[in-house]
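Quick mapping for you: the protein sequence lines, in order, are chains A and B.
Heads up: the first sequence at position 143 corresponds to 143 in full-length UniProt numbering, and the numbers run straight through without jumps.
Heads up: the second sequence at position 188 corresponds to 188 in full-length UniProt numbering, and the numbers run straight through without jumps.
Worth double-checking, as some hints may not be accurate.
A partial selection of chain A residues facing chain B, derived with a Cβ cut-off under 7 angstroms [unchecked claim]: (1) Glu157; (2) Tyr160; (3) Val170; (4) His225; (5) Met233; (6) Ser234.
Keep in mind the hints are simulated off the structure, nothing from the lab.
Virtual Cβ for every residue (Gly too), placed ideally from N, Cα, C.
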Amino acid sequence: MREVSQIINGKRIIVKKPELLAPAGNLEKLKVAILYGADAVFIGGKEFSLRSSASNFSLDDIKEAVEFAHAHHAAIHVTCNIILHEDNLEGLEDYLLKLDEIGVDAIIVADPYIMSLAKKLNLKLEVHVSTQLSTMNTSAIRFYENLGVDRVVFAREVDYQDLKEVREKVDIDLEYFIHGAMCIHYSGRCMLSNYFSRRDANRGGCSQSCRWYYDIFEKDQQLNHDEIVPFSMSSKDMSLVDELPKLIELGVDSFKIEGRMKSLHYIATVVSTYRKLIDTYCADPDHFNKEGYRKEIEKAANRALCTGFFKDFPNSQYQLYNQRDEHPTQDFCARVLHYDTSKQEAMIEQRNYFKVGDTIEFFSPHHENILIQVKEIYNEDREAVEVANHPMEILYLKCEQPLSEFDMGRKVLTNEK
Amino acid sequence: MSLIVNINSLSYLYDYLDLGVEHFIVGTTQFSCRQALTLDYKQIVEIKKKYPNIKLFVLVNALVEQKYLEDLKKHLRKLYECQIEGIIFQDFAVLQICNEEKYAFEKIYDPETLNTNHQTLAVLKEQGIDGAFLAREIPLKEKQMIEQKSSIKTMVQIHGVEYMAYSKRKLLSNYKEFTHLDFPVDKEAQIEIKANGVDENCHIYEDFYGTHITSTNQMCALDILNQFLDFDYLLIDGQYISETNLLEIVHLYKQGLDAISNNTYNKESLELMQLLYRLTPNIHYYHSFLFDSTVYKIADVRKREENERS
Numbered sequence: 001m002r003e004v005s006q007i008i009n010g011k012r013i014i015v016k017k018p019e020l021l022a023p024a025g026n027l028e029k030l031k032v033a034i035l036y037g038a039d040a041v042f043i044g045g046k047e048f049s050l051r052s053s054a055s056n057f058s059l060d061d062i063k064e065a066v067e068f069a070h071a072h073h074a075a076i077h078v079t080c081n082i083i084l085h086e087d088n089l090e091g092l093e094d095y096l097l098k099l100d101e102i103g104v105d106a107i108i109v110a111d112p113y114i115m116s117l118a119k120k121l122n123l124k125l126e127v128h129v130s131t132q133l134s135t136m137n138t139s140a141i142r143f144y145e146n147l148g149v150d151r152v153v154f155a156r157e158v159d160y161q162d163l164k165e166v167r168e169k170v171d172i173d174l175e176y177f178i179h180g181a182m183c184i185h186y187s188g189r190c191m192l193s194n195y196f197s198r199r200d201a202n203r204g205g206c207s208q209s210c211r212w213y214y215d216i217f218e219k220d221q222q223l224n225h226d227e228i229v230p231f232s233m234s235s236k237d238m239s240l241v242d243e244l245p246k247l248i249e250l251g252v253d254s255f256k257i258e259g260r261m262k263s264l265h266y267i268a269t270v271v272s273t274y275r276k277l278i279d280t281y282c283a284d285p286d287h288f289n290k291e292g293y294r295k296e297i298e299k300a301a302n303r304a305l306c307t308g309f310f311k312d313f314p315n316s317q318y319q320l321y322n323q324r325d326e327h328p329t330q331d332f333c334a335r336v337l338h339y340d341t342s343k344q345e346a347m348i349e350q351r352n353y354f355k356v357g358d359t360i361e362f363f364s365p366h367h368e369n370i371l372i373q374v375k376e377i378y379n380e381d382r383e384a385v386e387v388a389n390h391p392m393e394i395l396y397l398k399c400e401q402p403l404s405e406f407d408m409g410r411k412v413l414t415n416e417k
Numbered sequence: 001m002s003l004i005v006n007i008n009s010l011s012y013l014y015d016y017l018d019l020g021v022e023h024f025i026v027g028t029t030q031f032s033c034r035q036a037l038t039l040d041y042k043q044i045v046e047i048k049k050k051y052p053n054i055k056l057f058v059l060v061n062a063l064v065e066q067k068y069l070e071d072l073k074k075h076l077r078k079l080y081e082c083q084i085e086g087i088i089f090q091d092f093a094v095l096q097i098c099n100e101e102k103y104a105f106e107k108i109y110d111p112e113t114l115n116t117n118h119q120t121l122a123v124l125k126e127q128g129i130d131g132a133f134l135a136r137e138i139p140l141k142e143k144q145m146i147e148q149k150s151s152i153k154t155m156v157q158i159h160g161v162e163y164m165a166y167s168k169r170k171l172l173s174n175y176k177e178f179t180h181l182d183f184p185v186d187k188e189a190q191i192e193i194k195a196n197g198v199d200e201n202c203h204i205y206e207d208f209y210g211t212h213i214t215s216t217n218q219m220c221a222l223d224i225l226n227q228f229l230d231f232d233y234l235l236i237d238g239q240y241i242s243e244t245n246l247l248e249i250v251h252l253y254k255q256g257l258d259a260i261s262n263n264t265y266n267k268e269s270l271e272l273m274q275l276l277y278r279l280t281p282n283i284h285y286y287h288s289f290l291f292d293s294t295v296y297k298i299a300d301v302r303k304r305e306e307n308e309r310s
């Protein structure tokens, strides 16, 4: 078993710090993920990747991503997790060779043929088994080891006890989801989208039919009606923010955040929070104070949160049966482009409505959160405006405390002040 | 090429064998999902003894949690001792254990959705599988292409309800808990769900392994059976079909195959279909994805939606 902690100068510290693996749907998000503390970022290519709705990266984009990541001591994992059909086989070998040549650190794959091909081509990049294969036990892991893979991404259905036992019995790198949306059915084994929408879930076309509402019948008698909500399979999203110390102590190699299609604000908030939590815990695990992290994570939550399968078996409290359970999205309103120290002024890109009088919380990988009350807003023509209501408009705000490029601003809701 | 029946009763076993159908799929009390019939080890041994020519395949198709891995090892040993013809599995743990223990029965990989190209099957053959169930969602032409390029046995479904989803969650129990409704959740309860805006209902039930969803419509290839001759196993799924109807349906397919041998299929297939409709007037039959490919690229999705609108 790998050594997770050591006593150094009378104090226990975590020596096996897990990798924080973040998602990115485009280059801007990738840069934010890395600047906010991700050790590695997973991205999808234009081909052979799920999440066809995400922007996805061309080979040139991937090259730029690798250069940026490596310059910041981070790694790039490219998802090649499509379930290949006959017409997807063409071009695969060239694509893998190009990814390797570009310097991609790992590919995430769900098809055993890609695992085998990557090894046959003698690529330098690592091969990671995707969660699409729903791996939950040591014998399945041994099977993938025979195929020469370097890491296994666990099924989200794996609970703490099983994870602990597996960690004790295998040496291969293990990756575990700590945050994000979850498939309701075993990943890769769901055909609801194919049947209802004729959209192939295993090639990136999932229509998320598990989030729909269904009438339910017992022998032709409808059970739901006006007073009884329709049947739904939809789940709350997962966040293991409160459980992370237990996971770190297990020696899991990589903590994965889901969400290649999520916003810049989501990525910045979630990555920076987990980064701070991991670093703080690892530096002094025996005096760790877990206060504050959950509240920070909730600022970026799209849905209510739960612990997935990690802690307890999911009951009705883990599911979403009506809209009232949807968690309100926090108002991400600005991205900082530049800060002029002499003028104490931030140039920002507007992302959501705000107005003079609102309070904005700026957060960053470089400083603690900064609250400012908006007193004046200027547009690019240096005209004072009362409201910022044009997405992506360049605006200027006064701020006495220095901000940096890529700092994010979110409007503080009245009940949070 | 053989018919293989996910059989739902032992009552007519002699009649099936008398028809010349020898391959059957059964479940056991452990590690089986979506079986139409559950047997114990003793029953398996007795059937093998009573019908020496029978070829029994056991569903070991649950996805396996680490906590049940030792039970799985014991189960596979028991099945090996029962001298079954083969297993149908989807967790690679099953294959790994069979390889380590050198169990010689046929190992058919059926992850329901993942067998969609011949190269993957070639890799898995090297890893020890003997056969593979080809995913339902790929068109017949692609299935035929995979079969032609593969050197392992191929299985395709030709009749019955179709697998749609498998969750570890207890989705019906959770809904009951939330709504305080009281209804049974097992397979016999025949609970159905219907998505808003979608015409078809689905069967849904729970067992030890979670929640399972299948179609209520049944796929049928009786009228195009002559296009399936190259596959090794033609699956007729007996779930949600009565014992007697299943026997009759298998009989119709056997007649179809005989007609193909006698070069009379073109003439007889229509009559066979009429017999099927008469036998099961309330069932909606369809060709599943055999002639209807799915899309996945956003541009293709939008193009199709535009076509549907116009």
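Against the structure, the hints:
Among the interface hints, the one on Glu157 of chain A holds; its C-beta lies about 5 angstroms from the nearest C-beta in chain B, closer than the 7 angstroms criterion. Taking 7 angstroms as the C-beta contact cut-off toward chain B, the hint placing Tyr160 of chain A at the interface is violated, the least distance being around 11 angstroms. Interface hint at Val170 of chain A: violated, since its Cβ lies 10 angstroms from the closest Cβ of chain B, which is beyond the 7 angstroms cut-off. Below 7 angstroms, beta-carbon pairs count as interface contacts, and His225 of chain A has none with chain B, the closest being about 10 angstroms; its hint is therefore violated.
A hinted interface residue such as Met233 of chain A counts as satisfied when its beta carbon comes closer than 7 angstroms to some beta carbon of chain B; here the least separation is about 5 angstroms, so the hint holds. For Ser234 of chain A, the interface hint is violated, the least distance from its beta-carbon to any beta-carbon of chain B being 10 angstroms, above 7 angstroms.
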